[in-house]
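Number of protein chains: 2
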Amino acid sequence: MTRLFNDPAAFADEALEGFVAAHRRWVRPAPGGVVRAAARVPGQVAVVIGGGSGHYPAFSGLVGQGLAHGAAVGNVFASPSARQVRQVARAAEAGGGVLLTFGNYAGDVLHFGQAAEQLRADGVNVRVLPVTDDVSSAAPEEAHKRRGVAGDLVVFKVAGAAAERGLPLDEVTRLAALANDRTRSFGVALGGCTLPGAGEPLFTVEPGRLALGLGIHGEPGMGERDVPSADETARLLVDTLLAELPAGVEAPAGQRAAVILNGLGAVKYEELFVVYRQVSRLLAAAGVEVVDPEVGELVTSFDMAGVSLTLCWLTDELEPLWTAPADAPAYRKGAVTAPVATGDEPSTAPVDTTDDTPLVADEDGRRAARRALAALAAVRATVDAHADELGRIDAVAGDGDHGIGMRRGSHAAHEAAADAVARGAGAATTLDLAAAAWADRAGGTSGALWGVILGSVGSALGDTGRPTPATVASGVTAASTGVMRLGKAEVGDKTMVDALVPFADTLTRAVAAGAPLADAWDAAATAAEAAAAGTAELLPRMGRARPHAEKSLGTPDAGAHSLALITRAIQQTLATKEVD
Amino acid sequence: MTRLFNDPAAFADEALEGFVAAHRRWVRPAPGGVVRAAARVPGQVAVVIGGGSGHYPAFSGLVGQGLAHGAAVGNVFASPSARQVRQVARAAEAGGGVLLTFGNYAGDVLHFGQAAEQLRADGVNVRVLPVTDDVSSAAPEEAHKRRGVAGDLVVFKVAGAAAERGLPLDEVTRLAALANDRTRSFGVALGGCTLPGAGEPLFTVEPGRLALGLGIHGEPGMGERDVPSADETARLLVDTLLAELPAGVEAPAGQRAAVILNGLGAVKYEELFVVYRQVSRLLAAAGVEVVDPEVGELVTSFDMAGVSLTLCWLTDELEPLWTAPADAPAYRKGAVTAPVATGDEPSTAPVDTTDDTPLVADEDGRRAARRALAALAAVRATVDAHADELGRIDAVAGDGDHGIGMRRGSHAAHEAAADAVARGAGAATTLDLAAAAWADRAGGTSGALWGVILGSVGSALGDTGRPTPATVASGVTAASTGVMRLGKAEVGDKTMVDALVPFADTLTRAVAAGAPLADAWDAAATAAEAAAAGTAELLPRMGRARPHAEKSLGTPDAGAHSLALITRAIQQTLATKEVD
Chain A
127 MTRLFNDPAA
137 FADEALEGFV
147 AAHRRWVRPA
157 PGGVVRAAAR
167 VPGQVAVVIG
177 GGSGHYPAFS
187 GLVGQGLAHG
197 AAVGNVFASP
207 SARQVRQVAR
217 AAEAGGGVLL
227 TFGNYAGDVL
237 HFGQAAEQLR
247 ADGVNVRVLP
257 VTDDVSSAAP
267 EEAHKRRGVA
277 GDLVVFKVAG
287 AAAERGLPLD
297 EVTRLAALAN
307 DRTRSFGVAL
317 GGCTLPGAGE
327 PLFTVEPGRL
337 ALGLGIHGEP
347 GMGERDVPSA
357 DETARLLVDT
367 LLAELPAGVE
377 APAGQRAAVI
387 LNGLGAVKYE
397 ELFVVYRQVS
407 RLLAAAGVEV
417 VDPEVGELVT
427 SFDMAGVSLT
437 LCWLTDELEP
447 LWTAPADAPA
457 YRKGAVTAPV
467 ATGDEPSTAP
477 VDTTDDTPLV
487 ADEDGRRAAR
497 RALAALAAVR
507 ATVDAHADEL
517 GRIDAVAGDG
527 DHGIGMRRGS
537 HAAHEAAADA
547 VARGAGAATT
557 LDLAAAAWAD
567 RAGGTSGALW
577 GVILGSVGSA
587 LGDTGRPTPA
597 TVASGVTAAS
607 TGVMRLGKAE
617 VGDKTMVDAL
627 VPFADTLTRA
637 VAAGAPLADA
647 WDAAATAAEA
657 AAAGTAELLP
667 RMGRARPHAE
677 KSLGTPDAGA
687 HSLALITRAI
697 QQTLATKEVD
Chain B
127 MTRLFNDPAA
137 FADEALEGFV
147 AAHRRWVRPA
157 PGGVVRAAAR
167 VPGQVAVVIG
177 GGSGHYPAFS
187 GLVGQGLAHG
197 AAVGNVFASP
207 SARQVRQVAR
217 AAEAGGGVLL
227 TFGNYAGDVL
237 HFGQAAEQLR
247 ADGVNVRVLP
257 VTDDVSSAAP
267 EEAHKRRGVA
277 GDLVVFKVAG
287 AAAERGLPLD
297 EVTRLAALAN
307 DRTRSFGVAL
317 GGCTLPGAGE
327 PLFTVEPGRL
337 ALGLGIHGEP
347 GMGERDVPSA
357 DETARLLVDT
367 LLAELPAGVE
377 APAGQRAAVI
387 LNGLGAVKYE
397 ELFVVYRQVS
407 RLLAAAGVEV
417 VDPEVGELVT
427 SFDMAGVSLT
437 LCWLTDELEP
447 LWTAPADAPA
457 YRKGAVTAPV
467 ATGDEPSTAP
477 VDTTDDTPLV
487 ADEDGRRAAR
497 RALAALAAVR
507 ATVDAHADEL
517 GRIDAVAGDG
527 DHGIGMRRGS
537 HAAHEAAADA
547 VARGAGAATT
557 LDLAAAAWAD
567 RAGGTSGALW
577 GVILGSVGSA
587 LGDTGRPTPA
597 TVASGVTAAS
607 TGVMRLGKAE
617 VGDKTMVDAL
627 VPFADTLTRA
637 VAAGAPLADA
647 WDAAATAAEA
657 AAAGTAELLP
667 RMGRARPHAE
677 KSLGTPDAGA
687 HSLALITRAI
697 QQTLATKEVD
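So the sequences go chain by chain: A and B. The opening position of the first sequence corresponds to residue 127 in this note's numbering, with each subsequent residue numbered one higher. The opening position of the second sequence corresponds to residue 127 in this note's numbering, with each subsequent residue numbered one higher.
Hints in this document: simulated from the structure, not taken from any laboratory. Mixed in with the good hints, there may be bad ones.
Since copy identity is lost for identical chains, a pair holds within one copy or between any two.
Unchecked claim - Dumping the calculated EDC-like pairs for lysine to aspartate or glutamate here, alpha-carbon to alpha-carbon at most 20 Å:
id, residue 1, residue 2
1, Lys271, Glu345
2, Lys459, Glu420
3, Lys459, Glu489
4, Lys271, Asp631
5, Lys614, Asp365
6, Lys459, Asp418
7, Lys271, Asp545
8, Lys614, Asp631
9, Lys614, Glu267
10, Lys614, Glu268
11, Lys614, Glu345
12, Lys459, Asp645
13, Lys459, Glu445
It should be emphasised that the depicted structure is a prediction, and the values quoted were computed from it without experimental measurement.
Make the full structure from the sequences, and use the hints.
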């Protein structure tokens with residue numbers, strides 16, 4: 127378990143501060159994360175990585191010469207926000223453009239994707255590459271849906287070495303994508319992990335059992351068996367990876383491969399070496415030539431007990447990038463030459479992302495903003511009341527941070543909205559600011575989606591004029607469409623979308639039939655509740671199914687459930703006398 | 127707990143094999159451990175380190191340019207044998223002499239000390255430096271009795287960098303000793319560890335409690351308290367070390383210090399960073415300038431949960447040695463230049479330590495050898511029967527490996543003696559070979575001491591002529607003297623000596639009084655049993671007492687207890703009809 131902390135809510139920020147204090151030779155803080163301490167090299171592509179905290183050395187430990195240029199650092203097990211990614215990328219980029227690369231988790235995909243849009247708007251050339259090496263998280267024909275685990279390191283290393291050579295952005299991206307296409311990982315777990323301050327483990331594995339393909343946040347894997355010997359574990363890992371060779375590799379014999387045997391946290395070095403002894407023998411027996419193997423802790427999950435094996439089937443292009451020197455806090459290889467100082471030190475001042483457009487609200491718009499603020503207060507209260515429950519539900523299939531993220535987001539949104547209302551803002555501005563605050567403070571998937579919801583509703587309401595029930599319904603419909611697009615989910619995938627779509631449809635139909643807003647919202651909230659409950663019905667499809675469909679294990683989807691709770695809480699503010 | 131292994135008895139050997147397979151760039155196997163893969167530099171001092179397995183990256187992970195030249199690798203938590211140390215030193219030395227440096231544990235002191243004697247006999251110039259940084263293991267006025275923990279790294283690093291500069295052996299030794307004198311560590315533990323295959327933890331810390339100064343094998347510390355916050359933990363560590371400055375450092379302000387915040391295994395990186403954040407602030411507030419801090423796992427103890435802080439108060443001489451480049455499997459810093467290849471690759475063939483002196487035994491000597499073999503069979507049987515009990519007793523105050531070590535040693539001794547008897551050897555040769563086998567296979571303190579006992583008795587018996595009871599008694603007395611000298615222990619220290627001395631005295635007196643050997647031995651065994659039971663009587667004196675006196679916690683000393691068991695088992699072979 128995680129034992130040493132102060133305020134658990136401050137854990138990730140304090141860990142980052144201590145990490146920087148210990149590694150000033152390599153990194154310096156940037157808003158949202160860290161960038162290299164060394165001067166930027168003008169024209170060089172910046173490789174910007176990132177993800178949640180709790181996986182050290184991923185991601186901050188991999189910033190340095192020959193590796194990443196910057197890392198956006200999210201809260202514990204939560205993606206950094208788009209704003210964080212944008213800030214780190216702006217501090218790292220040196221005129222050659224930015225490659226954003228990260229593990230393929232919904233929250234990271236959302237926030238890095240939004241950051242890419244923002245950076246393009248800033249005039250920065252950007253490419254996006256999610257890492258998808260975990261073979262147990264989706265079938266080969268849906269490899270693009272796979273999660274990223276220790277294969278992150280291979281992709282980051284290849285990208286960093288390519289950037290160090292001065293290659294252009296498209297070429298760096300091509301090589302990194304080639305590395306990703308040829309990298310496969312498979313992991314097993316013997317025990318779960320406990321987050322700082324948590325009373326019980328986020329997830330567990332029964333003593334004496336081995337969970338196959340269990341994700342680094344406890345995402346369901348492919349099954350269980352009794353704990354095997356170290357040699358049998360090695361065979362399981364090697365056999366699984368040799369059974370799925372990438373396109374163009376017809377047989378293992380004669381291939382050269384980068385190999386990572388990764389400890390998840392509680393499996394210690396000597397155990398890893400005992401396993402690696404047999405991995406090395408089995409690969410040799412299969413005719414695979416191992417190049418610069420890494421045996422240690424490269425992607426961890428606090429005190430999770432587990433081990434994963436990663437193979438990258440090298441090509442003549444990839445091998446020199448894998449073996450090139452690197453000098454990062456947690457990854458050092460060969461001799462690096464100190465970079466030429468340019469005097470162009472990365473800025474540590476935040477990029478100004480505040481919107482200073484003058485407020486244009488009228489009295490109707492300000493009244494609508496006050497009602498929105500009252501609704502956000504109700505949202506905050508219901509999230510507070512249900513935060514533990516949301517965390518528990520999320521822990522069944524996800525990473526258990528849903529309650530924490532929703533609290534951070536709803537509090538930040540309410541605070542931003544209160545400020546906006548105090549300054550006389552209209553509904554659109556108030557909800558836009560609330561949306562940005564929610565997304566930035568919450569991070570994770572839910573943060574990005576609630577940002578979209580608030581922003582969409584705000585845009586429909588506008589800053590002037592009196593919103594009609596139809597305006598509200600159109601905003602909710604826009605939110606529903608936006609969430610489906612950004613979350614890449616459809617009805618039936620057992621996500622928030624399962625509740626949001628019927629909510630929007632019911633609201634729209636009731637409003638069109640002439641119902642007052644409070645009544646229409648009531649009916650819609652009831653539909654959302656029924657649909658959220660329905661996300662619990664599907665039986666789990668372990669391993670080889672669509673990731674979304676794997677989620678349900680008799681408990682509802684956490685995102686759908688919180689949407690239902692929130693729509694009900696808002697309905698109660700609509701049913702009361704109008705706030706003024 | 128440790129979960130991934132094959133045969134637990136093979137764990138250390140298999141881990142070493144896997145370690146070497148993963149790090150061929152840096153190390154190659156040598157009999158008894160590892161040496162650098164790079165060619166030796168003629169005339170350079172060889173820094174040879176070592177200790178038990180289970181503490182990675184100590185010790186094999188610290189072999190490489192700028193650090194150690196070789197590491198002798200013992201069994202789990204057991205020192206390597208003198209033979210191992212000698213073999214590694216012979217493979218590493220390049221004409222400049224050898225510095226043997228290691229943590230100050232009884233077993234290591236014995237075996238490295240014996241190896242030094244053997245190396246001198248081989249014509250190698252040798253210096254010996256035990257590391258003594260753990261302030262909780264003895265009072266400042268007995269600093270030479272302190273254990274070595276993460277301060278090992280500082281001493282090894284300084285020695286390695288000094289050797290790399292081409293300094294002579296005395297100068298390398300002087301600088302390493304200076305580093306040791308100025309290095310202090312203090313650790314706290316939140317949980318114990320479980321050895322490979324063990325059914326229960328070797329030692330534990332009650333949940334929610336923090337053990338102050340608990341050793342990395344569970345050696346008793348200075349007390350307990352409730353688990354504090356990370357910031358309070360940092361203050362405890364810093365305050366303890368600032369309270370005991372080395373000679374010549376009058377105040378922390380204005381000093382420069384190498385700093386290591388070490389995780390013992392289950393305390394993970396982010397937690398270490400949260401603690402380091404406050405360590406860094408407190409040191410800055412005290413006016414200490416931190417130089418090249420290390421925050422990570424440098425000396426571990428499997429899955430032990432704990433953290434230690436090490437400060438080395440640098441001088442102008444020490445600082446450049448601490449900051450010099452190094453390139454080892456688990457410690458890399460700065461850019462190292464590849465060494466000049468000399469074609470002088472270290473030999474991986476064992477140094478020939480077999481004795482091919484022709485056998486000179488007569489029939490009396492061979493008969494005595496057969497009786498010695500019968501006694502060794504009884505020893506083996508009683509050790510097998512009591513191995514679990516011995517481990518449990520040892521775990522109270524020691525590292526719990528006594529049962530394992532005694533088994534390995536007694537089996538090896540019996541096997542070697544059987545070979546010798548089959549070849550027609552006399553008692554002296556038989557017991558000498560048995561002594562060497564016991565010490566080499568068992569490692570640890572008990573291995574060295576039983577080597578002395580068997581060797582002493584064998585020398586007294588000789589290879590020719592019929593041994594008298596007086597000869598046997600004189601051998602036992604020599605054994606008793608030898609153990610006191612080598613173990614640096616006296617009667618009352620609650621060690622094996624407490625039982626061995628009355629055994630030898632009683633035997634000598636009874637034999638002098640004309641008793642037959644079987645009767646005299648019976649009386650002596652009874653005396654040993656009473657004395658062994660007496661080692662349980664002293665109350666524990668935590669922390670600041672003599673290390674030996676700390677050991678007793680209501681259970682007898684494991685070494686004294688096993689001596690009593692063994693003398694009784696031998697008595698029964700004497701009481702039966704003579705073997706022939």
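Hints and how they fare:
When the C-alpha separation of Lys271 and Glu345 is checked against a cutoff of 20 Å, the pair qualifies only within one copy, where the shortest distance is 14 Å, while the shortest distance between copies is 50 Å. Both within a single protomer and between protomers do Lys459 and Glu420 lie at most 20 Å apart by alpha-carbon distance, with minima of 11 Å and 17 Å respectively. In the homo-oligomer, the alpha carbons of Lys459 and Glu489 never lie at most 20 Å apart, since the shortest distance is 64 Å inside one protomer and 64 Å across protomers. Taking CA atoms no more than 20 Å apart as the test, Lys271 paired with Asp631 passes in neither setting, with 29 Å inside one copy and 78 Å between copies.
When the C-alpha separation of Lys614 and Asp365 is checked against a cutoff of 20 Å, the pair qualifies neither within a copy, at 33 Å, nor between copies, at 54 Å. Taking the shortest Cα distances, Lys459 and Asp418 sit within 20 Å of each other both inside one copy (10 Å) and across copies (18 Å). When the C-alpha separation of Lys271 and Asp545 is checked against a cutoff of 20 Å, the pair qualifies neither within a copy, at 40 Å, nor between copies, at 64 Å. In this assembly of identical chains, Lys614 and Asp631 lie within 20 Å of each other by CA distance solely inside one copy; the values are 19 Å within and 85 Å between copies.
With identical chains, the CA atoms of Lys614 and Glu267 are at most 20 Å apart within one copy only, with a shortest distance of 17 Å there and 69 Å across copies. When the C-alpha separation of Lys614 and Glu268 is checked against a cutoff of 20 Å, the pair qualifies only within one copy, where the shortest distance is 14 Å, while the shortest distance between copies is 68 Å. Only within a single protomer do Lys614 and Glu345 lie at most 20 Å apart by alpha-carbon distance; the minimum there is 19 Å, versus 56 Å between protomers. With identical chains, the CA atoms of Lys459 and Asp645 are never at most 20 Å apart, being 65 Å at best within one copy and 68 Å at best between copies.
In the homo-oligomer, the alpha carbons of Lys459 and Glu445 lie at most 20 Å apart inside one protomer (14 Å), although the nearest pairing across protomers, at 24 Å, exceeds that limit.
The structure does not agree with the numbered hints 3, 4, 5, 7 and 12 stated previously, though it agrees with the rest.
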